[in-house]
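A.B. asks: Chain by chain, the residues run as shown.
Number of protein chains: 2
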Amino acid sequence: MTEAEAKKPQESLQDRLAQVVELLQRHRLVEDLTHRQEGPHQDRVEGLVHRQNLAELQRKLDDLHSADVAYILEALPLEDRLAIWQLVKADRDGDILLEVSDAVRETLLADMEDHEILAAAKEMDADELADLASELPRDVVHELMETLDAQQRERVRSALSYEEEQVGALMDFEMVTIREDVSLEVVLRYLRRLKELPGHTDKLFVVDYDGVLKGVLSIKRLLVNDPEKQVAEVMASDPVSFHPDEDAYDAAQAFERYDLISAPVVDKNGKLIGRLTIDEMVDLIREESESEVLNMAGLREEEDIFASVWKSVRNRWAWLAVNLVTAFMASRVIGLFEGSIEKLVALAALMPIVAGIGGNSGNQTITMIVRAMALDQVSTGNTSRLIRKELGVALINGLVWGGVIGIVAYGLYDSWSLGVVMTAAMTLNLLLAALMGVLIPMTLMRIGRDPAMGASVMITAVTDSGGFFIFLGLASLFLL
Amino acid sequence: MTEAEAKKPQESLQDRLAQVVELLQRHRLVEDLTHRQEGPHQDRVEGLVHRQNLAELQRKLDDLHSADVAYILEALPLEDRLAIWQLVKADRDGDILLEVSDAVRETLLADMEDHEILAAAKEMDADELADLASELPRDVVHELMETLDAQQRERVRSALSYEEEQVGALMDFEMVTIREDVSLEVVLRYLRRLKELPGHTDKLFVVDYDGVLKGVLSIKRLLVNDPEKQVAEVMASDPVSFHPDEDAYDAAQAFERYDLISAPVVDKNGKLIGRLTIDEMVDLIREESESEVLNMAGLREEEDIFASVWKSVRNRWAWLAVNLVTAFMASRVIGLFEGSIEKLVALAALMPIVAGIGGNSGNQTITMIVRAMALDQVSTGNTSRLIRKELGVALINGLVWGGVIGIVAYGLYDSWSLGVVMTAAMTLNLLLAALMGVLIPMTLMRIGRDPAMGASVMITAVTDSGGFFIFLGLASLFLL
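Protein chains in written order, with the working numbering: chain A, 31 to 510; chain B, 31 to 510.
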């Protein structure tokens, strides 16, 4: 993990992507011509390699920061992505693999030979290897582990022993440690002997002879204090630290809250075993909010936008199937009232309004609650207060908008009783939506599931079936 | 902006919130008793101040980091929030005001006297003042500006002159600048003379006599290089820098991409005018993804979960009104086919299935696209490819799930032609959902709007009206 002294992006990433795409398209054109002249079995790539365009593309890629190459790979459809991936210098493979999203990484790894993967992986640190290990071919992992020294192997094993959402899986091992009984002058000389400091080193870790964390010395304090002073005088002796089995997202929130750049990870005996850095935390914050958005829509995980149709179908089918069942249930609710609809066909036209507005309003409530839960602002203690508030909002919306639509219904079908039923049904369905909008995510959380999981599908199921039942039920009672 | 050497949170924030709530409730109990005994006009707060519980609560709050107090204030309903706010020591008011969310800050400021606000604001830096200025009473801002020196006033003015989403509005002015023709030794001595370094100082800014940025010297390099070396030899001369009128979200992406901690902001002549830091960027990343989630559900802005019912109604009414109109249109589509429904009432029961699955599937597509747009992976160049992919997914889902529901419809109503119409309608509506799921956010982006804006309401509108039309239309043509 090196902190990039990246060049100023004089052109935006979008521009650079456009340039790469254009160069690629020019090749394709040439390629197509060659192809047609020399028959269908002409080796496409071979035919390209010597062209001038390709050299230009190569130069362009070499100039780009690894993170930018990763961005370009993510933004390209599979075929183009692999063409570009072939052009990337082998010694950058590792960096770029670490930067791309999981879905895209899978496509790149599938295109690599074992020996190429091995070469790329050898450049990586223990924590980076651990991140990737689950996605690499088993043989490659095995061979890799053989090449590591005992300490490195131990670190990879330890990082692998934690769940993805635990601190232990995100920590790295690039700590600079010092003793508390030396002067700052000695620390400064020690640092100068290191050729380089790890990225995100904003503090040094003070440990005793057993490796137990005694405190942290921030670089800022090191710089402004008298070099004659002892580390123990200047260090902060009770720093924010984490345990490897803590929830990583909680750690990310602590980073955000306390504006941290790095923090020590200690085991239960207080021994320093690694550190967390802000860059991993930023990635985590982004991933969390992404998965929240995706989960609400019933998408299982990050889907590469250029994923194959088949893969996308698999990503989406589960919640669609749930939705099919719920839609079928709503349909059976209507089936119960077919007699009423036959007598008064206006009911068929009006019922989707009740269901639709309920669904929209319920989605607003559930989005609010899921949001507040992600920020830890909702506890079981304030459930009833939240429900009361949401019911209040629903009551006002129901009376106002239900009233409007009731008047419209009266105007259309010239029946004031139909209008009243419409208003009443809207209000009741909005109240139901509000109640379930709070209770669904609360219940999911209480049984230990992600509160955003398919929230949208579930609330819509309730407001559809509920809306049809309330409206058709009221109509059957009072209109027929 | 001080980087907190925050204490290790030995208890979780949730625990601390629970403790505060409990102490508060104990007071309320005592308060209620006093209240009942001494009549309704007893001053509630006076009656509490001397109680022992209160002292404990006060101690608890004093021990907490400002960010933690802010969290607790956000998680409490209005009444409790203001009770706690009264207990916070005046000299921390400013820090805490800067930490809380906009919606909560508004409630706190409304509870403060002008002179209290003034005192809190006087502790702030120019960039922090500028952040808050729009929310403070006009008189207070005026008085504040009077108390500032010329440079500070100029900085506040300059920060205020940028839009909220521009780099200029997020930069601060706490740069440490050095010259390129001095040795590292001199730099180290200079730093030692400063009593303190600003938070997030991972690099020093190298400027010439006109204040033009010549490069940056990272602290890491300062520490590992020979003190005899000149700054010019060690500095990076072409660092990532930003202009004040650049889009702040682009800057945040650059911070994430290049793992930056701080970066210089320069005007069009290359003069250093401020800096950006990772903490502001993390806040921005979180806010962006939050507003994406909220926008999709048709919520206008961050809504404090304990906001008054009335405020919540206002936040939500706009998209509900849009939804009402679209639901009414869908209802009129059904109205067109009332004759068909009268003849075959099964249509009324089956039509919501077609509309509902279309809505769910469209929501999945639109979520994917909005997501990819936020990550800059979608350009106008790949629209047609994306549409083709989504149409492919829709076709498979339509045939599979449409087939299933077609068989079920056949089973229920014993009409194979009804089953075929059902399957065909599902497939067509899913294709429509896929097409619009791509085109709606694309169009919003092209006309310069937020692509997430009410995306969910719009796609549902299309799939409802479209679904009813397709299904009832096909049924009228082939079944009656």
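Certain hints may be false.
Just so you know, same-sequence chains aren't split out, so a pair can sit in one copy or run between any two.
[As the list claims (entries may be wrong)] Straight-line Cα separation of at most 25 angstroms, SDA-like style, residue types lysine to any residue; simulated pairs: (1) Lys-152 - Leu-405; (2) Lys-244 - Val-216; (3) Lys-259 - Arg-222; (4) Lys-90 - Arg-58; (5) Lys-152 - Val-206; (6) Lys-341 - Met-472; (7) Lys-341 - Arg-415; (8) Lys-373 - Ala-120; (9) Lys-373 - Leu-442; (10) Lys-298 - Ser-42; (11) Lys-259 - Leu-227; (12) Lys-152 - Glu-318; (13) Lys-301 - Ala-454.
Worth flagging that the hints you see were computed from the coordinates, not collected in a lab. Quick caveat, the model's predicted, so the values are computed rather than measured.
A.B. asks: Could you tell me which of the numbered hints above are not met by this structure, giving the numbers in increasing order?
C.D. replies: Hints 1, 8, 12 and 13 are the ones this structure does not satisfy, whereas the remaining hints hold.
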